[in-house]
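Start from chain A and add chains F, R, H, D, C and W according to the hints.
Residue numbers (this note's numbering), protein chains in the order written: chain A, 525 to 596; chain F, 525 to 596; chain R, 525 to 596; chain H, 525 to 596; chain D, 525 to 596; chain C, 525 to 596; chain W, 525 to 596.
Calculated from the structure, these hints are not laboratory results. No residue lacks a Cβ here, since even glycine has one placed at the ideal position from N, Cα and C. Treat the hints with care, since some could be wrong.
Stated by the list, open to error - Think about it this way: if two alpha-carbon atoms lie no more than 25 angstroms apart in a straight line, the pair counts; the simulated BS3-like pairs of lysine-lysine are: (1) D:K530 - H:K530; (2) C:K567 - W:K527; (3) R:K527 - F:K567; (4) D:K582 - D:K567; (5) R:K530 - H:K530.
To be verified - Residues of chain F placed beyond 10 angstroms of chain A at every Cβ, according to the derived structure: (6) K527; (7) N537; (8) H551; (9) T583; (10) V594.
Said to hold, decoys possible - Label pairs and their in silico Cβ distance ranges: (11) F:G547 - H:R574: 21 to 29 angstroms; (12) C:T578 - A:E570: 39 to 47 angstroms; (13) W:A579 - D:K582: 21 to 29 angstroms; (14) D:N537 - A:K530: 18 to 26 angstroms; (15) A:K582 - D:K530: 51 to 59 angstroms; (16) F:G547 - C:K582: 54 to 62 angstroms; (17) R:N537 - H:G547: 27 to 35 angstroms; (18) W:K567 - A:E570: 42 to 50 angstroms; (19) R:K582 - W:E576: 35 to 43 angstroms; (20) R:A573 - D:R574: 54 to 62 angstroms.
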Amino acid sequence: MDKPLKILHASLNNRVMVELRGGRGYHGTLDGYDVPHMNLVLKNAEELARGESTAKHKTIIVRGDNIIYVSP
Amino acid sequence: MDKPLKILHASLNNRVMVELRGGRGYHGTLDGYDVPHMNLVLKNAEELARGESTAKHKTIIVRGDNIIYVSP
Amino acid sequence: MDKPLKILHASLNNRVMVELRGGRGYHGTLDGYDVPHMNLVLKNAEELARGESTAKHKTIIVRGDNIIYVSP
Amino acid sequence: MDKPLKILHASLNNRVMVELRGGRGYHGTLDGYDVPHMNLVLKNAEELARGESTAKHKTIIVRGDNIIYVSP
Amino acid sequence: MDKPLKILHASLNNRVMVELRGGRGYHGTLDGYDVPHMNLVLKNAEELARGESTAKHKTIIVRGDNIIYVSP
Amino acid sequence: MDKPLKILHASLNNRVMVELRGGRGYHGTLDGYDVPHMNLVLKNAEELARGESTAKHKTIIVRGDNIIYVSP
Amino acid sequence: MDKPLKILHASLNNRVMVELRGGRGYHGTLDGYDVPHMNLVLKNAEELARGESTAKHKTIIVRGDNIIYVSP
Numbered sequence: 525m526d527k528p529l530k531i532l533h534a535s536l537n538n539r540v541m542v543e544l545r546g547g548r549g550y551h552g553t554l555d556g557y558d559v560p561h562m563n564l565v566l567k568n569a570e571e572l573a574r575g576e577s578t579a580k581h582k583t584i585i586v587r588g589d590n591i592i593y594v595s596p
Numbered sequence: 525m526d527k528p529l530k531i532l533h534a535s536l537n538n539r540v541m542v543e544l545r546g547g548r549g550y551h552g553t554l555d556g557y558d559v560p561h562m563n564l565v566l567k568n569a570e571e572l573a574r575g576e577s578t579a580k581h582k583t584i585i586v587r588g589d590n591i592i593y594v595s596p
Numbered sequence: 525m526d527k528p529l530k531i532l533h534a535s536l537n538n539r540v541m542v543e544l545r546g547g548r549g550y551h552g553t554l555d556g557y558d559v560p561h562m563n564l565v566l567k568n569a570e571e572l573a574r575g576e577s578t579a580k581h582k583t584i585i586v587r588g589d590n591i592i593y594v595s596p
Numbered sequence: 525m526d527k528p529l530k531i532l533h534a535s536l537n538n539r540v541m542v543e544l545r546g547g548r549g550y551h552g553t554l555d556g557y558d559v560p561h562m563n564l565v566l567k568n569a570e571e572l573a574r575g576e577s578t579a580k581h582k583t584i585i586v587r588g589d590n591i592i593y594v595s596p
Numbered sequence: 525m526d527k528p529l530k531i532l533h534a535s536l537n538n539r540v541m542v543e544l545r546g547g548r549g550y551h552g553t554l555d556g557y558d559v560p561h562m563n564l565v566l567k568n569a570e571e572l573a574r575g576e577s578t579a580k581h582k583t584i585i586v587r588g589d590n591i592i593y594v595s596p
Numbered sequence: 525m526d527k528p529l530k531i532l533h534a535s536l537n538n539r540v541m542v543e544l545r546g547g548r549g550y551h552g553t554l555d556g557y558d559v560p561h562m563n564l565v566l567k568n569a570e571e572l573a574r575g576e577s578t579a580k581h582k583t584i585i586v587r588g589d590n591i592i593y594v595s596p
Numbered sequence: 525m526d527k528p529l530k531i532l533h534a535s536l537n538n539r540v541m542v543e544l545r546g547g548r549g550y551h552g553t554l555d556g557y558d559v560p561h562m563n564l565v566l567k568n569a570e571e572l573a574r575g576e577s578t579a580k581h582k583t584i585i586v587r588g589d590n591i592i593y594v595s596p
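Looking at chain A on its own, in the form it has when it is part of the complex (with noise of 0.2 angstroms):
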């Protein structure tokens, strides 16, 4: 399995920070990935724009494609 998988794997139940194109994050719980698109579903994530808590979601689909860094 290659490296970028390998860690989302390891990071599944844990708290992420996933930051998107256009100023907007979300930290959460990652509760599954698919691949080779990189979407991911978070559970009671927080969502941050430009630093700031905006709204909160029990759980999220977030798009891959807009996705700049995921960090475990």
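The following block gives chains F, R, H, D, C and W in isolation, referenced to the frame of chain A:
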């Protein structure tokens, strides 16, 4: 089945929030989707632009390309 | 058949609203489409730019790439 | 044959209007196209930028990528 | 052979005008191309930015991605 | 093996500079990558925005999509 | 072999100019490339932003995505 699809599938016939690039969103009942594009069909959808309701659609096909997230 | 296609198919010969990126839309009779690009053929289409009617087309092929949504 | 291609095919040797992203368009005689890119060849094409004629081309290959619509 | 390629092929060793997104163009002798990317090789190419000559290149490989049109 | 991959491979466990579209970069130890996306895993990464250090990440998965260059 | 690749291949170990979207360029010795992405490896590369030298890299992998042209 990958987790993002599993979550979409479990959301069928439930209300979801779909946010698109460009500050627009749709709140509606998920009636279907396709793979791998993540095009969605929403019923009784309300369009939101920067937080304000701007239109209503009995049925709408939203292209997956522009989606930032789907939240059940 | 996936739900988004089923809805498109069921909309053949009916009026649909197609909204594109960049504030432009088309209101016309759906005469056909292709898969997976979602290029559409509309008949007697009215072009709308930011809500105002800007042109009419007896027949128009709209590329799927720029579509945000199709609403029957 | 899918409907969008059928319409393109039926437009061969006829005048078409092609509008591109960025406010530019071409009015010319459709001399050919390819699939699935929808690259077009136009003859005796007039370039229009925001409604004004800006150039003429005896022959021009227009890449499909930038096309918003083709209207026969 | 599709018509757009046929026109490119017939333009080998002839002067062509290539216009790119972003207001830039190249005028040069078409020395080759590839399929399906439409990357081009031009010889004795003059770069034009918003109508003014900005550089000359003995040989240049222009990526197809950014091309709006090629005109023989 | 293609040269770009060979260079990436030879950079494993070494510090690399990764520059992304939008004026952002990461300086870290290359821990892995995938093919063909060029998604990267960096360890002990420092985020740089327009030359200034803006964050630190023990581990980060950087999507290949946004990369302009990687420099060992 | 397609002509664009033939030119790239013939440029190995020679100085090339690579211009990217966004007003940035690299001048360096072509050490390798891959197909079909056109990712390039440059040695002793000088980064140019809007005509001015902004950085030097002993080795750099430039992603093909952002390339406008390569000129030997």
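Each hint tested on the structure:
| no. | hint | in the structure |
| --- | --- | --- |
| 1 | D:K530 - H:K530 | holds (21 angstroms) |
| 2 | C:K567 - W:K527 | violated (40 angstroms) |
| 3 | R:K527 - F:K567 | holds (12 angstroms) |
| 4 | D:K582 - D:K567 | holds (5 angstroms) |
| 5 | R:K530 - H:K530 | holds (21 angstroms) |
| 6 | K527 | violated (2 angstroms) |
| 7 | N537 | holds (16 angstroms) |
| 8 | H551 | holds (13 angstroms) |
| 9 | T583 | holds (21 angstroms) |
| 10 | V594 | violated (5 angstroms) |
| 11 | F:G547 - H:R574: 21 to 29 angstroms | holds (25 angstroms) |
| 12 | C:T578 - A:E570: 39 to 47 angstroms | violated (19 angstroms) |
| 13 | W:A579 - D:K582: 21 to 29 angstroms | holds (27 angstroms) |
| 14 | D:N537 - A:K530: 18 to 26 angstroms | violated (52 angstroms) |
| 15 | A:K582 - D:K530: 51 to 59 angstroms | holds (57 angstroms) |
| 16 | F:G547 - C:K582: 54 to 62 angstroms | violated (33 angstroms) |
| 17 | R:N537 - H:G547: 27 to 35 angstroms | holds (33 angstroms) |
| 18 | W:K567 - A:E570: 42 to 50 angstroms | holds (45 angstroms) |
| 19 | R:K582 - W:E576: 35 to 43 angstroms | violated (53 angstroms) |
| 20 | R:A573 - D:R574: 54 to 62 angstroms | violated (26 angstroms) |
Hint compliance for this structure: hints 2, 6, 10, 12, 14, 16, 19, 20 are broken, all remaining hints hold.
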